[in-house]
Every structure is written in C-alpha cells, then in structure tokens.
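K.L.:
So you can see what is in the structure, the chains are spelled out below.
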Amino acid sequence: MSTTDTRLQVMWNRLLAVVEEQGQALIRAAFSPIVRECGDISAGVFDLQGRMLAQAVTGTPGHINTMAEAVKTLRARFQLQDMKPGDIYLTNDPWIASGHLNDFLLMMPVFFKGHVVGFTSCTSHLVDLGGLGMGPEGADIYDEGLLIPPCKLMNEGALNTLLMEIVKANSREPIANEGDIYALIACCETGAERLAGMMEEFGIDHLDELADYIIDTSYRGTVEAIAELPKGTWHNVLKVDGYEQEIDLHAALTISEDRVELDFTGTSGLSNKGINVPLNYATAYSVFALRCIIGPDIPNNAGSLEPFRVTGPKNCILNAQPPAPVAMRHTLGQMTPDLVYGCLSQVLPDQVPAEGASCMYDLPLRHTPEAVSRGDAQFALELVFSGGTGARPGLDGLSATAFPSGVWGSQVETTEAVAPVLITRRELIPDSGGPGRTRGGLGQHIEMRSAVNEDFMLFLSVERILNPARGRFGGEAGAPGRIRIGHGGSNLPGKGEVRVKAGETLLFETPGGGGFGDPQKRSRDEVRRDLDEGLISREAARDIYGFKP
Amino acid sequence: MHNKNGLRLAVDIGGTFTDTVLVDGKGHILATTKTPTTPENPTLGALAGTKHVLAGTGADWSRIGGFIHGTTLATNALIERRGANVATVTSEGFRDILEIAYERRYSQYDINLVKPDLIVPRTRAFIIGGRMDARGQELQPLDEEAVRRLTGELDACGAEAVAICLMHAYANPAHELRLRDLLLAAMPDLVISLSHEVSPEAREFDRLSTTIANAYIQPQMASYLINFQARFSNEGLTCPILMMTAGGGMTTMETAARLPIRLVESGPAGGAILAARIAAETSEREVLSFDMGGTTAKLCLIDRFRPQTARKFEIARAARFIKGSGMPVRIPVIEMIEIGAGGGSIAHVDRLGRLQVGPESAGSEPGPAAFAKGGTEPTVTDADVMQGLIEPGRFAEGRLRIDMDAAKRALASGVGQALKLDAAQAAHGVSEIVDENMAAAGRMHAVESGKDLGARLMIAFGGNGPLHATRVARRAHVDRILIPRDPGVGSAVGFLFAPVSFEIIRSRYSTLDALDLGGLNAFFNAMIDEAEAVVRAGAPEGLLTRRRQAFMRYHGQGHEIEIPLPDRALEEADIPALRRAFEEEYSRQFSRAVPGMKIEILNWTLEVASEPPALEHYAKTRVKQPAQPSGQRRILCDVTGKWREAEIHDRAALRPGDHLDGPSLIIEPQTTTFVSADFSAHVDGGGNIWLTRNREGDQ
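So the protein lines, in turn, are chains A and B. With the numbering used here applied, the first sequence closes on residue 684, and no number is skipped along the way. With the numbering used here applied, the second sequence closes on residue 823, and no number is skipped along the way.
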C-alpha cells in the first residue's frame, strides 16, 4: 500500500458515504410504508462498465445483487453515446429489477467534464400498480398490474410526462406513486451530484483506478474467506407450505477454491398463484444468507458478489419465467436462507443457525368492498409481525425478530391511532421457541378486532403454518404459525383472503425458531431462567429439558 | 436569576474532569478551572473547583447570584448499570413490550447479534387489567382488585422503583394516576415513574423504555441532588441551583429529581448552546458545531441560532455507535451525531488491508502511546504528534510529557508494517481516515435532517476540535471555521447562556383537515399550565417565551417536519396557512410538494423558556495586521503530504485584527488550533479566531 492507496481507501469510504446519503434521501421521501418501516430500497454507484462499486446498507436484503445485475442489463441495452446529462432510465420488469412489479428501478448516467464516468441507481417499492393489487391471487403477471420495460423516465432533465401519467392512471394510489418516483429521481440525482463532487475534490477524471481497487480488494477478501472453507458439494431439501400444495425447495451448495455455487435443481415447479420467485430475487436472499457467514465484513459490490453463483432450472418455483405471477415473491424468497443454511450447516456446523420463522408475517388489512359502495371510511394498513429466529450455535434465537428481512414491527398505539382496529394482546408465546442446547426465538401472539364494529378484510401470504422451523443437531422444531378467528375457531391456511366480521377477534400466532443441539445439554441456569421468566412451561422444562428443580 | 450584579457560576461534571467557569454580571469570564472528577462523591470535585475559582478572583459565596450545574452522573448510571431494581407494570396483554420492541436487528449481517439489555427482565414485568383507546376513552376500567396481587409481586421481586406504562396513557392518564395512588397507599416507600409524565408520546415501547430509564436513576439522582444542594448551602451559597438538561435549558432541582432522565447528556448540550450563542453574536444563520474530545466527536446543526432538537436518542449504544444498539429514550434533546472519533481512537489494519480508526479508544488510561503511560497502540493523537501538529513541550499546559518516539513506534508497528508505510505516512493515513469519518458522519447527519453542510460556518471546540477542524471542514466542503475563546471548557461556558426552560411533547393524532380546534386548544392550555409552573419555579420573574410546534407529515410517510404554530388559540383560518407552511418546508427539503396528499399530525410540542442573557455584539474589526509568530516548527502538510515549516503563534498574544496564513499552529493551554496550508486565520473583536479556506491554497 502506498499513500495513493490510502487516498483510494478514503475515496472508497467516501463512495460508501455517498450511497448511504442516496439511500437516506430515498427513504425519507418515500410514501410506501414498507419503505419507511423496512428501508425496502437500494441505492448504489456503478462504474462505466456497470460494475457495482458501492451499495447502501438498507433494511431488506431483497435488493442485494438484483440491482447489481439490473444495471448491467440496462447498461447493455442503451448506448453510451446516446446518453445525455440529466437522462434517467426506468423499469419495473420483475425479471430485470427486483422480482415484482412494485419495485421500480432507476439508472442515471453520471457526467463529469462532459463524459459519462459511471452510473447511480436505486430501487424502491411503490404502493400500488393496479391489477389485483398486492396479493397472491393473480394468475399471471398481467393480473398483477402495469409492467414498464426499460425506457427513459427523464430526457436531459425533462420528465417523461406521458410515462408518469400512465403510472398514475394505472394505480389506486396515484399521488403516492408520483411522490415515490420523484423520491427515486432525487436519489439518483443526489448520488450523481456527490460522485461528481468527489471526483472534483480528489482531482480524478475517471473512476477506473478506484473501481479496480475496490473490486479487487473485495474480491480478494471474499475469495480468501472462501479458501478457508472445506470444499465439496452439500445438499438440502426444505419443505414449505406453498399455496395450493406443499412445495419442496432443493439446493446443492458447491464450494470450490474461489467460488460458491448454489443450484436449485429438484425444486418444485411453479404455483398457479403469485408466490413464484424470479431467480434474481431468490439469488438476493440466498447470497445475503451466505454472505452473513462468509465475509460479512466486506461491503457489497461487484467484487464481493462475484464469487457467488446461483442457478436453477427454468420454471422451478425459484426461477419463475414470465408470465408467471410473482407479486408475493418474498414469501418463498425469504425462505431461501433456511434452504441455504441447511447446506452450509453441514460445512460449518458451529457457525450456522437453525431454521427460523423466516417469512415475515404481514397482515395487509383493508376495508370491505361494500364499504366503498356504502361510502364508509376506507382504510388500508400493512402490519408486519415477526416470529422467532433460529437458535444460533452459541446464542439463543431472537424472539419476535425479523430475519432474513430487516423489517421493523409497528407500535400498537400508533396503529390504533391511524386505523380502526383494536389490538388487545401482543405477547410472546411460551414454549414456542424450539428447544435445544440453545433455544429458538419465541413467536408472538396477537389478538385484534375492529374498533368501529365493522367487518374488515385480511390478505394472507405467510409460511410455516404446516412446516415449522426445524432444529439442528438434536434441537427441536419451533412452534408453527397459527391463524384463527375467535379462540374456538379452526386454523386458517396461510394464504388467501379472510373476512373478519364485526365483533370477531382475529388471533394470530407467529412461528418460533428452531432449537440447536440437545435440549438436555442446555445449561441448567438457562433452563431455570427461561422457567422463571415464563418463556418455557414447567412441563417443557421437566419433559424436554430434563430439568429437576 | 440572571442577576445583573451578581456573579454566575457553571459546574460541568464530566467523566474525567469537572469544569468550573465563573462569570460576572455581563457574562465576561473571570476564571475557569479543570479539576479531576471525584467519582466516589462528585460533589467534592465540584466544591473544589468552585472554591478554586472563587479564591482566584477574591469573591465570596454570597456574591454568586446564579448557579448552573450539569453532570454525567445520570448518563453514567445508565451506561454502567448502577441504578435501582426496577419493575414494570403494563396493560394486560402487553407484558412483552420491551422484548418485542420494534422486532428488528440493528445490524443486517450480524448473525450473532445480541440485543441491548433494557434493564427490566421478564421476571419483573407485571401487568394490570384496564384499557384506554387512542382517543383516551376508557374501554375497560382499571382492575383495582388486582392491585393486591401486584403489590405482592413487587414486594417479592424486591422492586425499589416501578415504571408504569399503560396503553394510551398519553391520551388519558387516569389509570396510571389511580394505580400510582393505590400502590403508594400499600407501599409508601416505592419510587414510581409514570409514563405519561416522563414521556407523553404514543409508541408504547419508546415510552416504556424512557420510563424505565427514569425510574432506574431516580432514587440515586434524588439523593445526589439533595446532598449537592446541602453541601453548597453549607458553604454559603444562597441562590438556587439550576440543573442543565439534555434539551439545552435549565430546570429546578425539584423537576430534576422527578424527571432525572432529562439530565442525561447535558454536557454536550452545553457545547451546542455555546455554539448557538456565538452564532447569534456573529449573526451566522447556518452553523455546524464540532466538538471533538478524547473518545468521541459530536456534531450539531444550528439554524437561526437554535441548535437542532430531536425527540429521541439512545443511551449506551453497544455496537460501534450503531443505531438501534442502545436504549431508546424519548425526551426533548439537542440533536447531535456522536461518532467514535477522538484523540484516543485507535488505528488498526483490517483483514482486507484497509486502515480503520476507532471506535475503540485508548481512553485516558493508558491513553495514546505518546503519553508514555503504557499505551502501545497508535491513536489519532499519536498521528497528530508524528505530523508535528502538537508541540511536545506545551501540550496540556506542559503537564503531560509527549514521547515522540513512542508515537512513532506505535504508528510504525500498528499501521505502517501492514501497509508498507513509514511512520509519517501512516500518521497521514490515520488522519485522513478519521477526518473523513467525521466529515462523512456530518454530511450524513445533514442529509438525514434535510439540510446541507456546504454553506455552514463550523464552530469547533473541545480538546481536539480546533486541531482537526480544518481537515474535517475541507472534506465536508465547509470553507469557514470559528474557534471560540476557552474552547477547552466550552460546555460549562454554554451552561451560562441557557434559559430556564421546559418542553413537553405530547401525542394527539389528527389529520390537518379534521382538526378538533376546541379540543386542541384545551390540550395546549393544559401543557402551558404544566410547563409554566415548572419554569416559574426556576425563573420567578421576567418575561417567558412560548414556542408551539406541530410535527406534520404526509399520510403514509414516516418523516415528520416541525412546523411552528402561532402562540395563541388556533382558529379555522389558520389551517390553510399551516398547510402552506408544511408544503413550503417540504418542498425545501424534497424539491417538490405532493399536492392532494393528506397531511397528518401525531405529536405536538410546547416549550416555555425564560429570556437568556442579552447578546454581546462585537465591534467589527476593520484593521488587519499580520500576527507575529513566536516560532517555527516542521510539520507534515495535510494538503501536499510533504514536510514543511509552519509558524507557531500563542493565542494569548493574538489581538483583534490579527491575520495569519497557514500552515500555522495557534497554541493555548488546553488545545492547539491547526491552520492548514489552504486556510488563513483572522481574530475578531471578541477574540474568536476565524479560519477561512482559500481555494488557491490547494496547490
């Protein structure tokens, strides 16, 4: 390393700060609650070749990798010589952008001293794009709303007003969509401005040297981490609930000297409902899970992502092809970390957690259809509740905590202030954490009803009702999820539409995480503490943990 | 209070030092001192400092007409977990508010993440029946029958303090008040904190966490304050003691004992108050304060002479200052970004061969290698020593020996070896990284607040602020810096400019187009009564100012914007103006408003404050004379990376109108101001040093 290298490193740090600024600019101005609560966005800076140099660390891993690939695709589609300062390109094609129509991706060429030197890009979740709306009921992508192929959103700084009108005309939330698109534009512009400012400050005319430094350093660090791993191929099968029928997810993880390859061959075929997953999205969550264990300290960029390859046969449910419906691709996408960890745990038994609740339990609530015709108050609320995470080899799982998603839960008081619901219980469920030497995180129990004595609708797309999170190495499974209406009600399936009538109570239990290791080997102090705290029952302590007070 | 004739005294008890500042009736500094903090009984250190400054000026106790005290005791008790045994009581069905929190991990990639310890384990988390709704209507009466069970549980777990946080208590506190009375009737010695008093905002987790923090330190702080008052009264102090709060105002001992959580982080708040004061005196409308000490750097945005405020911060962030890794507390605070970058921050080379600085700190023991107290790891101070920016003989008034060779060895072995750099190059690299970290944090903070750094004046203080100011400013694209007088005791000086004030933030949800004006005006009147009673206790006479604000946002968005309200009952006719004000501010921050989108308001705030001491305006210095250096010194230039000669100046010898160019070092007892080669310095009529960047200096 020379002093110039220190300078390159300072510039790298600066780029990381630039993308965080970009990300913040987007999150602050976004309208979609999922963006606000979960930071469901991405923002990044790319070199002239379309290689990602830096990406903001945002709330959800669903965009890791997807944006990196998307920019390469757009970069190949549009000619450099046709690009003008102030141009911005846009698409929401799920197979290019981020797996479903709601994610809009923008790319902006950055000009410095009259030439394109790189690109800024960002993705954000828009509230509504028409079609059947967010839910798994579409039969194909056409049911799910408006698809915009790659095109120009801004032409030399002038907005493509026709495109904006089309987006608004095809949405139930035109104002919010418009606001979100402006937020995306501001994000690209902020990044481009900061990048040019940095080049000015450091007196560089192109990014080539910096790009090579970042990518080489990150690639080398990642390959070094991979080199330390045992080599070979490991397999895992994860059974998940699916919609019409249960689904098998298959994975083969191959670790070679400088590469980690994941293949989904054997995975079940497509569903007729919108829970199919484009490969870019399945890749995002899989690679995120791998990178949590292999080189987690290395920033996301083209170099650190390069050694990871994910493949799957066309039209297996993790590599859905158009025109498959994909609106709820996150339901199964969020299960892929458990699929991958089933392989990786065989390689690194003392580093990989047990299975967790994984799929977030979101409760999109809405007024009934007849409320509209009656002229009653309308509302739409998307609450997200998490189950327990899988037990870690050295630590218990986290109770009621999102993983792999980075979503934030909501607060009961603010929910009740803005929506006509009353939540009467939100507590951890004793014995829901899978027993083990380390215990799985606990799920939570939620009870809610209409606060105004009216019916309301619930749109479900959750997992682990039929297939709870499994334990590892003698650890036991966590409790499954459970949804009922009324304490005596029968269990509802995890997917589909539910009407909760006035006066009825919706009961919702999120799944617990799996346990790790033999529960009989759990430290007696920890069993006693769990018992004292009421996290496990007396019976479980005695029968499962073999605890004698 | 601000007695024109009497002397005024400020005592800031920090972790290592207790700073004491004595001023006359016009606010002119008569004496300052730094005495070691006495952790066993911090009052003793404060007494020693006070006696020292009184003796130095020949004044006696009776002449002190104002006494302002700030202490880190509350913060430290929370960080070091030395507080009371706290139990909680929440509404039935909500025993796990604390554990469930926001259901999130604060670090995306950390599989082995451990959540912050929030003081109260589930074994001491109890519940009671009864329920209010969001509008404060009782849905179910308080289960008074259960109080007997509750007292049994509290007794059995040995609770010394109880935090009561019932659903929607901010909207209707009746159940909390009734429960308190019932508990006290059965257990008269119990210390009870009520959530609607401590933090009357919606969001049960934040309110509970804040109430717990308050209950946790309440017994200890109450006895500390009683003891402090008694000791000083015994010595002859006749004026009341006012306490500095995190919000940048002063409050009475009684309020402090009831709401001790408001005393946390009062030291840094003092620094921001000082910067705001200087901003007003110099008519600088956009300022960035930069306070860099031994362990951390704190930055605060000051617009129109008011430090930016927030309603929430975190105590004791565990993991590398990461958001979400600490204990959230919702009270009115001066908003600051704090990062692990100070003189003691340790530099190392990571697995990828990247140079990293901080947040680990060598602290004061063993301290930087150059202090020769056993430290071997290279720190930011070592890098400054190596680059010639600290004159060894005069550091810390010459009381601390600087070992140049130790600094060199630490840099060579800790950084240089791994990166194939010599010690000087390593030092240059360490500075570049830490300065970039601070600049990046400042830029990020500005972006998060919807502001820009570029046009701001930086006001730099703290032991290392003046030394790093030009280097951080350049990276933050800030071209002007001001170094105030006595930058080493900036916080205590700031205390003396604070008003007596009290702020209440309370939740009441409504959309802007459906405001219940009658209800809202009554709601504000109740807040005014409460706040004025508190302020009048500390400022019995004089004018009081009121500030009302609404936190407004577009429906669906998370980001709230503070909109000032007129200080009177709101009328129907005000609503269009409020909408306009919101849209104007929104478009300022986000380039364009969103016409047609509904606007909603959840939180409202009211602040009552006494008048702060009158401003002092300095005569503009028209003269410009070259300052006479007292010597020269070889430094590694941060602009060119080459060694060159720099002038040395004594700050005490600088006169208004003096001008000098970089590279120069301006030395004073507590710190050194480094004027980089691309800056020049000018002294104004008030003795402030202005540093201005000349772009030509880049070469």
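Because the hints were derived from the structure by calculation, they are not lab data. Every residue gets a Cβ at the ideal spot worked out from N, C-alpha and C, and that includes glycine. Be aware that a few hints might be false.
Listed below are the simulated DSS-like cross-link pairs for lysine-lysine, each with C-alpha atoms no more than 30 Å apart in a straight line [as the list claims (entries may be wrong)]:
1) B:Lys722 / A:Lys636
2) A:Lys636 / A:Lys683
3) B:Lys436 / B:Lys175
4) A:Lys656 / A:Lys636
5) A:Lys207 / A:Lys287
6) B:Lys436 / B:Lys447
7) A:Lys656 / B:Lys722
8) A:Lys303 / B:Lys447
9) B:Lys436 / A:Lys219
10) B:Lys436 / B:Lys575
11) A:Lys636 / A:Lys374
12) B:Lys544 / B:Lys239
13) A:Lys219 / A:Lys248
14) A:Lys248 / B:Lys575
15) B:Lys575 / B:Lys544
In silico contact screen, one side only, chain A against chain B (beta carbon under 8 Å); selected entries [stated by the list, open to error]:
16) Gln159
17) Arg163
18) Arg426
19) Glu551
20) Pro555
21) Gly669
K.L.:
Against chain B, is Glu551 (chain A) within 8 Å by beta-carbon distance?
P.N.:
holds (4 Å)
K.L.:
Does Lys436 (chain B) pair with Lys447 (chain B) here, judged by a C-alpha cut-off of 30 Å?
P.N.:
holds (12 Å)
K.L.:
Under the criterion of a CB-CB separation shorter than 8 Å, is Gln159 (chain A) in contact with chain B as hinted?
P.N.:
Hint on Gln159 (chain A): holds, closest Cβ of chain B at ~5 Å, below 8 Å.
K.L.:
Is Lys575 (chain B) close enough to Lys544 (chain B), meaning Cα to Cα at most 30 Å?
P.N.:
Given that 30 Å is the threshold and the Cα spacing comes to 40 Å, the pair is violated.
K.L.:
Can we keep the Pro555 (chain A) interface hint, with Cβ of chain B closer than 8 Å?
P.N.:
At about 10 Å, which exceeds the 8 Å cut-off, the nearest Cβ of chain B leaves the hint on Pro555 (chain A) violated.
K.L.:
Can the restraint linking Lys722 (chain B) and Lys636 (chain A) be considered satisfied, given a maximum Cα separation of 30 Å?
P.N.:
Holds - the C-alpha atoms of Lys636 (chain A) and Lys722 (chain B) are around 28 Å apart, at most 30 Å.
K.L.:
Holds or violated: the hint that Arg163 (chain A) contacts chain B, with Cβ atoms closer than 8 Å.
P.N.:
holds (5 Å)
K.L.:
Next pair to validate is Lys207 (chain A) with Lys287 (chain A); report whether the Cα-Cα distance is within 30 Å.
P.N.:
At roughly 16 Å apart (the allowed maximum being 30 Å), Lys287 (chain A) and Lys207 (chain A) satisfy the hint.
K.L.:
Starting from Lys303 (chain A), check that the Cα of Lys447 (chain B) is at most 30 Å away, please.
P.N.:
violated (36 Å)
K.L.:
When you check the alpha-carbon spacing of Lys636 (chain A) and Lys374 (chain A), does it fall within 30 Å?
P.N.:
violated (33 Å)
K.L.:
Does Arg426 (chain A) meet its interface restraint, that is, does its C-beta lie within less than 8 Å of any C-beta in chain B?
P.N.:
With a minimum Cβ separation of about 7 Å from chain B (threshold 8 Å), the hint on Arg426 (chain A) holds.
K.L.:
Holds or violated: the hint that Gly669 (chain A) contacts chain B, with Cβ atoms closer than 8 Å.
P.N.:
With Cβ-Cβ at 6 Å, under 8 Å, it holds.
Hint compliance for this structure: hints 2, 3, 4, 7, 8, 9, 11, 12, 15, 20 are broken, all remaining hints hold.
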